[in-house]
Amino acid sequence: MSHWDILELLKTALRRQATEYVRAEVQALEEAFALLLVGTFIGLPAPTTGLVLRLLPHLGSELELLERRVAESDDLFAQVAGILKI
Amino acid sequence: MISSHRLPGSSKSEGEKTSPLPKRFIVIGKGGTGKTTVSAAMARALSSRGSRTLVVSLDPAHNLGDVLGSSLAAEPKEVKEGLSALEVDLDSQVQAYVRKKLSQMRPIYGHLQIFNADHFLEALEQSPGMEEFAMLEAVGEIRERSLAYDAVILDTAPTGMTLRMLSLPAVTLLWIDNLLSLRLKILERRAYIQRVEGSGKLRTEDLSGDDPVVQELRRYRGEIIEIQSFLRDTDAMVLLILQADKLSVTEADRAIEKLSNGGFTVGTCIINRTTEGKERITRYAVSGLDEFIRRRGGIRWIELPDMGGEISTPQGLDALGNMIIDALSAQQGGHR
Chain A
1 MSHWDILELL
11 KTALRRQATE
21 YVRAEVQALE
31 EAFALLLVGT
41 FIGLPAPTTG
51 LVLRLLPHLG
61 SELELLERRV
71 AESDDLFAQV
81 AGILKI
Chain B
1 MISSHRLPGS
11 SKSEGEKTSP
21 LPKRFIVIGK
31 GGTGKTTVSA
41 AMARALSSRG
51 SRTLVVSLDP
61 AHNLGDVLGS
71 SLAAEPKEVK
81 EGLSALEVDL
91 DSQVQAYVRK
101 KLSQMRPIYG
111 HLQIFNADHF
121 LEALEQSPGM
131 EEFAMLEAVG
141 EIRERSLAYD
151 AVILDTAPTG
161 MTLRMLSLPA
171 VTLLWIDNLL
181 SLRLKILERR
191 AYIQRVEGSG
201 KLRTEDLSGD
211 DPVVQELRRY
221 RGEIIEIQSF
231 LRDTDAMVLL
241 ILQADKLSVT
251 EADRAIEKLS
261 NGGFTVGTCI
271 INRTTEGKER
281 ITRYAVSGLD
291 EFIRRRGGIR
301 WIELPDMGGE
311 ISTPQGLDAL
321 GNMIIDALSA
331 QQGGHR
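Residue numbers (our numbering), protein chains in the order written: chain A, 1 to 86; chain B, 1 to 336.
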């Protein structure tokens, strides 16, 4: 294996690691965004009604994500532990 | 005679280039102080002086039509030459809006179990804040209609509801700005992932400026700013109506406070149904109006007499309207 190959391998590994954290961050931000809009269900302060109504038609994927997270919440700790490599 | 009485900015040739919006009067006050009568009277007087005028009732319990002697609907109706009037139907406004959104959402959320769109939106029709929101949407529509007029008078709902409606734009803008920054953060990170991994998995709109959520937020932001400036900027005037009784004075005081927190300035208060002589002195003292006037030094005052039964006639309304418009013109003249 040449030096170049090793370097490429290292790059790929680093890239995967780098995006792994960002992916987790994106997911958390997306959840926060969706939760802010439907948070009245769990008592969070709600944006004005008009704003929620305007945005809901565009947030199909965000709410699906929320639903998935609720379904997977059994395994929430495992997921966090996975991300943090504990 | 006619043109000399026109309010500044109400003449079309003057106002057209610099401000396409007409002069706006937002009439606020406690229930029963005479908002509708004052609005109708001003509207009649302004239209008689040659301003094309639109008077709008935003009160869910309408009686503008009763005062003007003409049955009104949600579309403007010409009640006399140069004067159109309409009564906003908040219930059907809410219903129409919610139905429209429901039809947009069904295809997206139909399969979700956690989120029953039908029930959610049916509940929304009855949910708190909905009426104020519908009222704000109605103001947005009036803004668009208003371009065809020289003057628009908004006869508002009782104080509490109107104050909540007037505070909506500022609160909504705060939410929009925060949601927008959160959304942009998400997009930025999605773009980062795609750049690093070079994967084609992400939707292309996530990476450019045409994310539908960002677009909707920016669009709504623009609309809210337009409504806000319609209600607040140059040529918009909040007229607070009160009477020489304690409750009305206390409520007016609170309203001024809340309005100024929301960036609205009450320049002129109208004291309705004032009496003469000793009775006036007693009532002004007992109701706290004297003290109120002293404390609110920056506000200009217009006192209107108690017109009794005469107010129910068109002539009575015209007389009252002329008093108000003359007083306003004099104040503005003196102010400039």
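Hints in this document: simulated from the structure, not taken from any laboratory. Any given hint might turn out to be false.
To be verified - Derived CB-CB ranges, DEER-like:
#: 1; chain 1: B; residue 1: P20; chain 2: A; residue 2: L65; range: 41 to 49 Å
#: 2; chain 1: B; residue 1: R195; chain 2: A; residue 2: L44; range: 32 to 40 Å
#: 3; chain 1: A; residue 1: L44; chain 2: B; residue 2: S103; range: 38 to 46 Å
#: 4; chain 1: A; residue 1: L65; chain 2: B; residue 2: A191; range: 27 to 35 Å
#: 5; chain 1: A; residue 1: L14; chain 2: B; residue 2: E144; range: 22 to 30 Å
#: 6; chain 1: A; residue 1: L65; chain 2: B; residue 2: K100; range: 24 to 32 Å
#: 7; chain 1: A; residue 1: P45; chain 2: B; residue 2: A73; range: 33 to 41 Å
#: 8; chain 1: B; residue 1: P20; chain 2: A; residue 2: L14; range: 36 to 44 Å
#: 9; chain 1: A; residue 1: E72; chain 2: B; residue 2: N63; range: 50 to 58 Å
#: 10; chain 1: B; residue 1: E291; chain 2: A; residue 2: V70; range: 38 to 46 Å
#: 11; chain 1: B; residue 1: A330; chain 2: A; residue 2: P45; range: 20 to 28 Å
Unchecked claim - Derived pair list, reagent style SDA-like, types lysine to any residue, alpha-carbon separation capped at 25 Å:
#: 12; chain 1: A; residue 1: K11; chain 2: B; residue 2: K101
#: 13; chain 1: B; residue 1: K100; chain 2: A; residue 2: L29
#: 14; chain 1: B; residue 1: K101; chain 2: A; residue 2: Q17
#: 15; chain 1: B; residue 1: K185; chain 2: A; residue 2: L63
#: 16; chain 1: A; residue 1: K11; chain 2: B; residue 2: R190
#: 17; chain 1: B; residue 1: K185; chain 2: A; residue 2: L29
#: 18; chain 1: B; residue 1: K101; chain 2: A; residue 2: L35
#: 19; chain 1: B; residue 1: K101; chain 2: A; residue 2: L65
#: 20; chain 1: B; residue 1: K100; chain 2: A; residue 2: K11
#: 21; chain 1: B; residue 1: K185; chain 2: A; residue 2: S2
#: 22; chain 1: B; residue 1: K278; chain 2: B; residue 2: T250
#: 23; chain 1: B; residue 1: K100; chain 2: A; residue 2: V22
#: 24; chain 1: B; residue 1: K185; chain 2: A; residue 2: Q17
#: 25; chain 1: B; residue 1: K80; chain 2: A; residue 2: E31
#: 26; chain 1: B; residue 1: K185; chain 2: A; residue 2: H3
#: 27; chain 1: B; residue 1: K101; chain 2: A; residue 2: H58
#: 28; chain 1: B; residue 1: K185; chain 2: A; residue 2: E31
#: 29; chain 1: B; residue 1: K185; chain 2: A; residue 2: H58
#: 30; chain 1: B; residue 1: K100; chain 2: A; residue 2: E64
#: 31; chain 1: B; residue 1: K246; chain 2: A; residue 2: R54
#: 32; chain 1: B; residue 1: K185; chain 2: A; residue 2: R54
#: 33; chain 1: A; residue 1: K11; chain 2: B; residue 2: T250
#: 34; chain 1: B; residue 1: K100; chain 2: A; residue 2: Q17
#: 35; chain 1: B; residue 1: K185; chain 2: A; residue 2: G60
Computed from a predicted model, the values in this text were never measured in an experiment. C-beta atoms are modelled at their ideal positions from N, C-alpha and C, and glycine is treated no differently.
Evaluated hints:
1. P20/B / L65/A: 41 to 49 Å: 44 Å, holds
2. R195/B / L44/A: 32 to 40 Å: Holds, since R195/B and L44/A (Cβ atoms, about 33 Å apart) stay within the stated range.
3. L44/A / S103/B: 38 to 46 Å: Roughly 27 Å apart at Cβ, these two residues miss the hinted range, so it is violated.
4. L65/A / A191/B: 27 to 35 Å: Violated, since L65/A and A191/B (Cβ atoms, about 18 Å apart) do not stay within the stated range.
5. L14/A / E144/B: 22 to 30 Å: 55 Å, violated
6. L65/A / K100/B: 24 to 32 Å: The hint (24 to 32 Å, Cβ to Cβ) holds, given that L65/A and K100/B are roughly 26 Å apart.
7. P45/A / A73/B: 33 to 41 Å: About 37 Å separates the Cβ atoms of P45/A and A73/B, which means 33 to 41 Å holds.
8. P20/B / L14/A: 36 to 44 Å: 58 Å, violated
9. E72/A / N63/B: 50 to 58 Å: 56 Å, holds
10. E291/B / V70/A: 38 to 46 Å: About 58 Å separates the Cβ atoms of E291/B and V70/A, which means 38 to 46 Å is violated.
11. A330/B / P45/A: 20 to 28 Å: 46 Å, violated
12. K11/A / K101/B: Roughly 47 Å separates the two Cα atoms, so the pair is violated.
13. K100/B / L29/A: Violated: K100/B and L29/A sit about 29 Å apart, past 25 Å.
14. K101/B / Q17/A: 41 Å, violated
15. K185/B / L63/A: Given that 25 Å is the threshold and the Cα spacing comes to 18 Å, the pair holds.
16. K11/A / R190/B: 20 Å, holds
17. K185/B / L29/A: Distance ~8 Å between K185/B and L29/A Cα, so the pair holds.
18. K101/B / L35/A: 20 Å, holds
19. K101/B / L65/A: The given pair, whose Cα atoms are some 21 Å apart, holds under the 25 Å limit.
20. K100/B / K11/A: Violated - the C-alpha atoms of K11/A and K100/B are around 51 Å apart, more than 25 Å.
21. K185/B / S2/A: Violated. K185/B to S2/A sits at ~39 Å, over the 25 Å cutoff.
22. K278/B / T250/B: 22 Å, holds
23. K100/B / V22/A: 37 Å, violated
24. K185/B / Q17/A: 20 Å, holds
25. K80/B / E31/A: Violated. K80/B to E31/A sits at ~56 Å, over the 25 Å cutoff.
26. K185/B / H3/A: Violated, at about 37 Å.
27. K101/B / H58/A: 11 Å, holds
28. K185/B / E31/A: Answer holds: K185/B to E31/A is near 13 Å, not above 25 Å.
29. K185/B / H58/A: Holds: K185/B and H58/A sit about 17 Å apart, inside 25 Å.
30. K100/B / E64/A: 22 Å, holds
31. K246/B / R54/A: With Cα atoms ~42 Å apart, K246/B and R54/A exceed 25 Å; violated.
32. K185/B / R54/A: This hinted pair holds, its Cα atoms lying about 20 Å apart.
33. K11/A / T250/B: 71 Å, violated
34. K100/B / Q17/A: 45 Å, violated
35. K185/B / G60/A: Between K185/B and G60/A the Cα gap is close to 19 Å, so the pair holds against 25 Å.
Checked against the numbered hints given earlier, the structure breaks hints 3, 4, 5, 8, 10, 11, 12, 13, 14, 20, 21, 23, 25, 26, 31, 33 and 34 and satisfies all the rest.
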